[in-house]
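Here the protein sequences come in this chain order: A and B. The first sequence: position 108 = 243 (the working numbering), numbered continuously. The second sequence: position 82 = 1303 (the working numbering), numbered continuously.
Check before you lean on any hint, since a few could be wrong.
Take a look, some chain A residues computed to stay more than 10 angstroms from chain B by CB distance [stated by the list, open to error]:
1) D179
2) T194
3) R235
If you only want the chain B side, here are some residues facing chain A, beta carbon under 10 angstroms, derived [to be verified]:
4) G1224
5) I1229
6) H1232
7) F1255
8) S1258
9) G1262
10) V1263
11) R1291
12) V1293
13) V1300
14) V1330
What the hints contain is simulated information worked out from the structure, not anything from laboratory work. Here a beta-carbon is modelled for each residue, glycine too, at the ideal position from N, C-alpha and C.
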Amino acid sequence: MSTLLGQALHPAHLISELKTRSRDSVLVELARQAQEAGVALEADLLSAALRMRERLGPTCVGRGVAIPNARSLTVARPVVMVGRSRRGVDWGAADGEAVRLVVLVLSPATMPAARHLAEVARALAATRTARARQRLLESDSAEAVAGLLREVPG
Amino acid sequence: MSGCGDLIRLHDLDLLLEEASAGGARQRAAGLGFAVSGLAGVERARAQLFSRLERRWLVAYERAQRRYGRAVVTVRDRVCQGCFITLPTSAVPSSECLTVCESCGRILVWR
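Same shape as in the complex, but just chain B (with noise of 0.2 angstroms):
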């Protein structure tokens, strides 16, 4: 399994672990009839995640998760979807994938 895909499936789930986690989203979602029973599971599911990855990745994601809230974000246009810094054209994707903005430490995904 590649790198890029273990790191959009990490920031996905910490997208629905903040979902479940939130005080107003959480309980919006009860609210909704949507019981939160699994979330021990999801956190499982995370930490399985998070030990396949590489360490490089794992420091640049906590790195940029704790400053921004959000860790990975796509390119468009050659323009990071974080910072929204136009890339220099030495900037090229590697083969998974995967660069960090030098701009603002996001990890990028080029799509």
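Extracted from the complex, chain A is given alone in its bound form (with noise of 0.2 angstroms):
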């Protein structure tokens, strides 16, 4: 089976450094880009999805990372997006630390839940050594994010 973070990252899909630094403007700055992607039909809709997401239980996952993720109707196709800050993003984590890295996983609503959820553990999984995050946030180009996604096994 294909994955998402086997697939190419579109350099739309990459934001080099977020504009915004608290949880909820990064989840609508998202949703905006996934919209003029082509990914998300309605970035209104997308970022009330992600934000209801963070309401059910907070997304990041600790040492700086964050994973929202969402499956809705408003999204076209399955998708990964990476957000980057290096000043850093308050997201509330348990461990106090800012969120610089942000992987946003999106699944049409016809996508079942466990395969959903199968696509958020790749992306925790890319992100979990020290090594793999600091080469995701140095990482110059969608190309090269891409080619670190694609070390996580399928």
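Given two chains presented individually in distinct reference frames, assemble the corresponding complex, making use of the accompanying hints.
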């Protein structure tokens, strides 16, 4: 089975430096980028779904990483997007660390929950080690980031 | 706020609640390190959203949800993405962008 992380990362799916610094504004920024990239039909509805996911339980996993994710009717196709923040985003992490790496996992509504969570698990695995996180933060192109994500076993 | 947007939000909330409630999916999420601590808050948000919707859409939503699990689907190239029937040319999106599929009864979102 092919995985999202195994696919090429379109340049529009990488935000090298997030403009915003709070969790909710980052979710809006990512949703808008998803709409501009043709992945989401309506940014407002997508950001609402992402905020509701955070309300269910925070998606920051510590060590400066967050994996926001949603299955939504407004998502046209499965996709992974990456956002980075040198200054850090206040995500309310349990370890108190600001989030510097955001891996957004989006699935259309027709995607089964188990498959969506499998993609989230792969995104998490891609950020597991300090070396992997550093490389994801320092890679200078979508192609390089995609190469790092592809290293995760499917 | 449009009925269309609210119905899509309700649909997405139900997908999220399905993930949070289904045993296997919930265990998997917990195994990944995601706590499911805000279930009550999400259920409250759903109830608020539900109370805002027009009764005719609520009835159609609940009926289709019970029958198919997912009550709202998109239309692509005039094809209902729930039952994959080609919609008649007389089926046109309303001002709210919503209609009901005459074949399966799911609520159609025209995009």
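The hints, checked one at a time:
Against chain B, the non-interface label of D179(A) is violated: not every CB pair exceeds 10 angstroms, the least being about 7 angstroms. At roughly 6 angstroms, the least C-beta separation between T194(A) and chain B is not larger than 10 angstroms, which violates its mark as non-interface. Residue-level check passed: R235(A) sits 18 angstroms from the nearest beta carbon of chain B, beyond 10 angstroms. Because the closest C-beta pair between G1224(B) and chain A is about 13 angstroms apart, greater than 10 angstroms, the hint is violated.
This hint holds: I1229(B) has a C-beta 5 angstroms from the nearest C-beta of chain A, less than the 10 angstroms allowed. A hinted interface residue such as H1232(B) counts as satisfied when its beta carbon comes closer than 10 angstroms to some beta carbon of chain A; here the least separation is about 5 angstroms, so the hint holds. The beta carbon of F1255(B) is positioned within 10 angstroms of a beta carbon in chain A (closest approach about 5 angstroms), and the interface hint is therefore held. At about 5 angstroms, the closest approach between the beta carbon of S1258(B) and any beta carbon in chain A falls short of 10 angstroms, and the interface hint on this residue holds.
Checking G1262(B) against chain A: minimum C-beta separation of about 5 angstroms stays under 10 angstroms; hint holds. Residue-level restraint check for V1263(B) holds (minimum Cβ-Cβ distance to chain A is 5 angstroms; threshold 10 angstroms). Because the closest C-beta pair between R1291(B) and chain A is about 7 angstroms apart, less than 10 angstroms, the hint holds. Given the 10 angstroms rule on beta carbons, the hint for V1293(B) holds: about 6 angstroms separates it from the nearest Cβ of chain A.
Annotation: V1300(B) was flagged as interfacial toward chain A, and the flag is violated, the nearest CB pair being 14 angstroms apart, outside 10 angstroms. Annotation: interface hint on V1330(B) holds; nearest CB of chain A at approximately 7 angstroms, less than 10 angstroms.
Checked against the numbered hints listed earlier, the structure breaks hints 1, 2, 4, 13; every other hint is satisfied.
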